[in-house]
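Engineer: Here the protein sequences come in this chain order: A and B. Quick note on my numbering: the first sequence kicks off at -11 and runs consecutively. Quick note on my numbering: the second sequence kicks off at 25 and runs consecutively.
If you are wondering where the hints come from, they were derived from the structure by calculation, not from laboratory data. Please read all numbers here as calculations on a predicted model, not as lab measurements. One or more hints might be untrue.
[What the hints assert, rightly or not] Covered stretches of chain B, going by a simulated chain A footprint (3 or more residues, C-beta under 8 Å): (1) 28 to 39; (2) 64 to 71; (3) 83 to 97.
[To be verified] Interface residues of chain B toward chain A, partial, derived using beta-carbon atoms under 10 Å: (4) D42; (5) T43; (6) K61; (7) Q74; (8) E75.
[Stated by the list, open to error] With beta-carbon atoms standing in for the labels, derived distance ranges: (9) T85(A) <-> R84(B): 40 to 46 Å; (10) S100(A) <-> D30(B): 31 to 37 Å; (11) T538(A) <-> R84(B): 45 to 51 Å; (12) V28(B) <-> E(-9)(A): 48 to 54 Å; (13) M90(B) <-> R537(A): 42 to 48 Å; (14) A136(A) <-> R84(B): 36 to 42 Å; (15) Q82(B) <-> L(-6)(A): 48 to 54 Å; (16) M90(B) <-> E430(A): 21 to 27 Å; (17) D328(A) <-> R84(B): 19 to 25 Å; (18) Q82(B) <-> P403(A): 49 to 55 Å; (19) V78(B) <-> R429(A): 31 to 37 Å; (20) V28(B) <-> S100(A): 33 to 39 Å; (21) L(-6)(A) <-> M90(B): 42 to 48 Å; (22) L(-6)(A) <-> R84(B): 17 to 23 Å.
Glycine is no exception: its CB is placed at the ideal position from the N, C-alpha and C atoms.
This is what each chain is made of:
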Amino acid sequence: MAEERLQTDILIIGGGAAGLNAALSAREAGREVVIMDKAVIERSGHFAGGIDHFAAYLNTGPSWDTREAYLDFTARSARGATNLEVVEKIYCDQLNTAIKRFDAVGCSLRRSDNTFFRTQSYGQPGPWWINFNGKRLKPLLGQAVRKAGCRVLDRVVTADILINEGQVCGAAGFHIRSGTFYVVQAKAVLIATGGTNRLYQNPTGLSFNCWMCPANTGDGEAIAYRAGARLANVEYLRMTLIPRGFSAAGLNALVGMGGILVNGTGEAFMKRYDPLGMKGPRYKLVEGVLGEIKAHRGPVFIDCRHLDPEALTHLVATLSYDKDTFPDFFEQKGIDLSRDLLEIATSEGMQGGPNEVCGSGIKIDADCATNVPGLFAAGNSADQCRSLHMATTSGIRAGCTMATYAANTDARGLPVYQPQLDGIRQRIYGPLNESRSMDWREFEDVLQRILTEGMGPVRSAWGMKQAWQNLDLLEKWKNEVRARTYHDLCRTQEVYNMLTVARCMITAARYRKESRFGQCHSRLDYPQTDDERWLGQIAVDRDTTGNPRTQFLPINYD
Amino acid sequence: MPPVFDANLCTGCGTCEDTCPLDVIYMDEQNGRSFAKYPEECWHCGSCRQECPVEAIQIRFPLRVMVPAGVVPY
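This is chain B alone, in the form it adopts within the complex (with noise of 0.2 Å):
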C-alpha cells in the first residue's frame, strides 16, 4: 500500500528509487513515472517521502497495520 505517488506531481526524476532501502520503488518504463513494484516489501521508513523534490509523496498505511486484531503469538 505505501507508499502513494501523486501522478500529477511526479516528475519521473527517479530520487524515490534510489532513496528506498528496500528497492521496493522503480520507475514505470511505460510512463516514466514511479511505482511502488513491491508494496508488501514497504517498511513505512519515509525515505522517498523526505527526499521527494516536489512532495508527490504520501504514505498510506495498510490495512492491517491500521486495523490491528487476532491472536498474538505470545
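One chain only, chain A, in its complex shape (with noise of 0.2 Å):
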C-alpha cells in the first residue's frame, strides 16, 4: 500500500464546526495545521447540510442573559456530569471570539436588521437560542480554513494516534478512496470528531437514517481510549423525538416556535410529565411520548395549527436550515404544518450527552487536554462538549492551547515509533483479507440489537450484563468482517469503534447504580437519583490488559 508521510504542528481529526474553528486559531497564532477528514470539509459532519441554532447568553439586560444563568442552568440541568470550571473557560470565555467568528466567515449570526431572533426551549430560563440560517456554514468555514493556508486532507480517516514515549506525536490512517496510508506526525494532536450514533436500532430500519450525523461514530473516543485516554459520561443514553419515520434535527424549532405534543385523544399531556410542559427538558419530551404510547394513547402527534402564519414561515424555513430536506419530506408526505398534525415518535437511541449544554466521550480539562500528554479533545466528542454552540468555543479554546503547547514543544515532536505504525497497518488492512466472509452491515446490526435491548430507556444489572456477554460473543466474529472496497473498510473501522465505546458505555453504566436524566440512565434496579453517592463522573479508561476500567470522579456544586 501506497504511503504519504506529513509533519506539522498541529494535527486536528474531524473537520467539522469545532475542528475547523480550532484550525482558525491555530493558523492565527501561527502554528502549522494538519487537517484530516473522512469526508470534504466543506459538508462534512453534522453540520454539512446545515444548522439553524446557536446557544448564548447576550447581556441584553434580564437576568437569564448572563454568564451566571447560563453557569447555573448548567449545574441545574446537567448536575453530575458537568464542570463548571471547564465550561466557563471553554465556553463563557470563547462566547464573545465565537460569535465574531461567525461574522468573520461571512455566516452572521444576526438578521439584516442587526438583530438576533431568538427562541426558547429545553427547560432554558430564556431565549438564548440564536435561530439563523447556517445552511453555509461548512463550505464558508471550510473556504476560510483553506485559505488560512491549512492543509487539508480529505477522505482520510484516521485509524489510531501515536505515541512515543508516552507522548502524543501524530496519528496514521488511509484514504477511503484510494487506500493509501497516510502517517502525520505532529507536536499536539485534538480529536474533534463527534459523537456515537448507529448504535442503535433504527426504528426505519435504516441505519443512516439517524438524528445526528451517520458518519459520526465514536471514532475519535475509540482512538482516544486505545492511546491510553479517560472517557466521561459515556454511560448516558440520548434520544429525541422525530417526525415519525424521518430521523430528521428540528425538535428545537418545532418545540421553540411553539408546537404543542398532542395525544391520539387530541390531549396536550406535557404538563403530566413536566411542569414545564413544552418548555420542559428534551429527555421529558422524550418521556412524555414514551409514556403516551405505553398507555395505549397514541399515536402521538406535534400540533404546530395555532401558530399565526408568520410564525409558521419562519418555522418552516428554520427547519430546512436544520435539516435541508425538511421541506421535501413535507411535501412528500403532503404534509401542511397550518393544516395538519404531524405524526411523532421516539429517535434510535445514540451514546451521547445529558443535554444541550453538556456532552459525552473524550474526558478534557479547561485548556481542551486529555491526560494523554498532547492530546486535546473539543466539540461532541468531548465529554463537556455539545451543539454548534460548544463546538465552535471549544474548538476556539483547543486551537489556542494547542497553539501555546506545540509553541513550547521541542524541535518537530517526536519521532513515530515504527512497530506501533507497523501494528497499525496491519490492523486496519486486514478485512481486505479474502478469506473472511462478513458484511459489516451485518455486524453492526447484532450490535445496534444488543444496545437497543440492554442498553435502552430501562436498564438493570442483569440485562447489562447479558449485553456484556452477548458482545463477547460479538466480539469473536470481528476478524471475520470482509471489506471488499476501501470505502467499505472506512465501515469496517466505523463498525469497530462503535463496539469499543459500546463496552465504555455497559461499563459506566454497570458501575454507575443509580438513575439520573430519566431515560438516558434509568436503571430498574437502582430507581432514584443518589447525589450522596454519585454526584460526578464516571471516568473509563484501558487497564494494562486491554478491558475498560472505572474511576469515580465527584464533582463539588458548592
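Dock chain to chain to rebuild the complex, using the hints, since each chain is given by itself in its own frame.
Structural biologist: Quick look at the structure:
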C-alpha cells in the first residue's frame, strides 16, 4: 500500500465545526495545521447540510441573559455530568470570539437588520437559542480554513493516535478511495470527530436515517481510549423526538416556535410529565411520548396549527436550515403544518451527553487537554461539549491552547515509533483479506440489537450483563468482517469503533448504581438519583490487559 | 433511494461527489455522470442538492421513511 508522510505542529482529526474553528485559531497563533477528515471539509460532519441554532447569553439586561444564569442552568440541568470551571473557560470565555467568528467567515448569527432572532426551549430560563441560516456554514468555514493556509487531507480516516514515550506524536489513517496509508507527525493532536451514532436500532430499519450524522461513529472516542485517554459521561443514552419515519434534527425549532405535543385523543399531555410542559428538557419530551405510547394513548402528534402565519413561515424556513430536506419530506408526505398534525416518534438511541449544554466522550480539562500529553479534544467528542455553541467555542479554545503547547514543545515533536505503525497497518488492512466472509452491515446490525435490548431507556444489572456477554460473542466475529473496497474498509473501522464505545458505555452504566437524567440512565434496580454517592462523573479508561476500567470522579457544585 | 440525478441535466462536474459527507455519490466511469453507489448510506442531508450547479438533483425519500409502521423498540 502506498504511504504518505507529513509533519506539522498541530494535527486536527475531524473537520467539523469544532475542528475547523480550532484550525483557524491555531493558524491565527502562527502554527502549522493539518486537518484529516473522512469526507471533504466543506460538507462534512453533523453540520454538513446546515444548522439553525446557536445557544448564547448576550448580556442584554435580564438576569437570564448572563454568564451566571448560563452556569446556574448548566449546574442544575447537567448536575453530576458538567464541570463548571471547564465550561467557563471553554464556553463562556470564548463566546464573544465565537460570535465574531461567524461574522468573519460570512455566516452571521444576526438577521439583516442586525438583530438576533431568539427562541426558548428545553428548560432554559430564557430565549438563548439564536435562530440563523447556517446552511452555508460548513462551506464557508472550509474555505476560510484553506485560505488560512491549513493543509487539508480530505477523505482520510484516522485509524490510531501515534504515541512515543507516553506522548502523542501524530496519527495514522488511510484514504477511503485510494487506500493510501497516511502518517502525520505532530506535536499536538486534536480529536474533534463528533459523537457516537448508529449504535442503536433505527425504527425504520435504515441505519443511516439517524438524527445526528451517521459518519460520526465514536471514532475519536475509540482511538483516544486506545491511546490511554479517559472517557466520561459515556453511560448516558440520548434520544430525541422526530417526525415518525424521518430521523431529522428540528425538534428545537418545532418546540421553540410553540408546537404542542398531543396524544391520540387530542390531549396536550406534557404537563403530566414536566411542570414546564412543552418548555421542559428534551429527555422529558421523550419520556412523555414514550409514556403515552406505552399507555396506549398513541399515536402522538405535534400540533402547530395555532401558530400565526408569520411564525409558521419562520418555522418551516428554520427547519430547512437545520435539515435541508425537511420541506421535501413535508411535500412528499403531503403535510402542511398550518392544516395538518405531524406524527411524532422517538428516535433511535445514541450515546450522548444528557442535554444541550453538556456532552460525553473524551474527558477534557479547561484547556481542552486530555490526560495523555499532547492529546486534546473538542466539540461533541469531548465530555463537556455539545451543540454548535460548544463545538465553536471549544474549538477556538483548543486551537489557542494547542498553539501554546506546540510552541513549547521542542523541535518537531517526537519521532514515530515504527513498531506501532507496523501494527496499525496490519490491523487496518486486515479486513481486505479474502478469507473473511462477514459484511460490516451484519456486524453493525447485531451490535445495534444488543445495545437496543440491554442499554435502552430501562436498564438493569442483569440486562446489562447480558448485553456485555453478547458483545463478547460478537467480538469473536470481529476478524470475520470483510471489506471489498476502501469505502467498506472505512465502514469496518466504524463498526469496530462503535463496539469499543459500546463496551465503555456498558462498563460505566453498570458501575453507576443509581438513575440520572430520566431515560438517559434509568435503572430498574436503582431507580432513584443518589447525589450522596453518585454526584460526579464515571471515567472509563483502558487497563493494562486492554479492558475498560472505571473511576468515580466526584464534582462539587457548592 | 435519495438522491435522484437527472441524467439530462447532469454535466458530470463531480461537485456532488465531493460534497457528500457519507461517500455515497460516485461518478459512473462509463457515462461520466453521478450516481448513488451506496444509496442506503444516505443521510438525506441535502448537501449534494445544495451544491449542484445545474439543479440536477432531487431528494426522493425511501419507502420506509415515507410509510413508517411497525413495532417501535421502546
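Engineer: Next step is simple, just say for each hint if it's right about the structure.
Structural biologist: Taking the hints in turn, this is what the structure says about them:
Look at the stretch 28 to 39 of chain B against chain A: 0 of its residues bring a Cβ nearer than 8 Å to a Cβ of that chain, fewer than three, so the hint is violated. Counting residues of the stretch 64 to 71 of chain B whose CB falls under 8 Å from any CB of chain A gives 8; the rule of at least 3 is met. Remark: the stretch 83 to 97 of chain B is confirmed as covered by chain A, as 12 of its residues place a Cβ nearer than 8 Å to a Cβ of that chain, reaching the required three. Interface restraint check: D42(B) against chain A, minimum CB-CB distance 5 Å, threshold 10 Å, status holds.
The interface hint given for T43(B) is met, as the beta carbon of that residue sits about 4 Å from the closest beta carbon of chain A, less than 10 Å. The restraint placing K61(B) at the interface with chain A holds, with a minimum CB-CB distance near 8 Å, inside the 10 Å limit. Annotation: Q74(B) was flagged as interfacial toward chain A, and the flag holds, the nearest CB pair being 6 Å apart, inside 10 Å. For E75(B), the interface hint holds, since its Cβ comes within 10 Å of a Cβ in chain A; the closest pair sits about 7 Å apart.
Judged by the Cβ atoms, the range 40 to 46 Å given for T85(A) and R84(B) holds: they are separated by roughly 42 Å. Hint check: S100(A) to D30(B), Cβ distance near 33 Å, so the stated range 31 to 37 Å holds. Between T538(A) and R84(B) the beta carbons are some 47 Å apart, a value that agrees with the proposed interval 45 to 51 Å. The beta-carbon spacing between V28(B) and E(-9)(A), approximately 39 Å, falls outside the hinted interval of 48 to 54 Å.
Between M90(B) and R537(A) the Cβ separation comes to about 46 Å, which falls inside the hinted range of 42 to 48 Å. Look at A136(A) against R84(B): about 38 Å separates their beta carbons, and that is inside 36 to 42 Å. One distance hint, 48 to 54 Å for the beta-carbon pair Q82(B) and L(-6)(A), is violated here, with the actual separation near 40 Å. A C-beta distance of roughly 26 Å is found between M90(B) and E430(A), which places it inside the suggested range of 21 to 27 Å.
Distance hint check: the CB atoms of D328(A) and R84(B) are about 21 Å apart, consistent with the given range 19 to 25 Å. A hinted range of 49 to 55 Å for the beta carbons of Q82(B) and P403(A) is consistent with their spacing of about 52 Å. A C-beta distance of roughly 33 Å is found between V78(B) and R429(A), which places it inside the suggested range of 31 to 37 Å. For V28(B) and S100(A), the hinted distance range of 33 to 39 Å is satisfied, since their beta carbons lie about 34 Å from each other.
Separated by about 46 Å at the C-beta atoms, L(-6)(A) and M90(B) satisfy the suggested range of 42 to 48 Å. Roughly 41 Å separates the CB atoms of L(-6)(A) and R84(B), a value that falls outside the hinted 17 to 23 Å.
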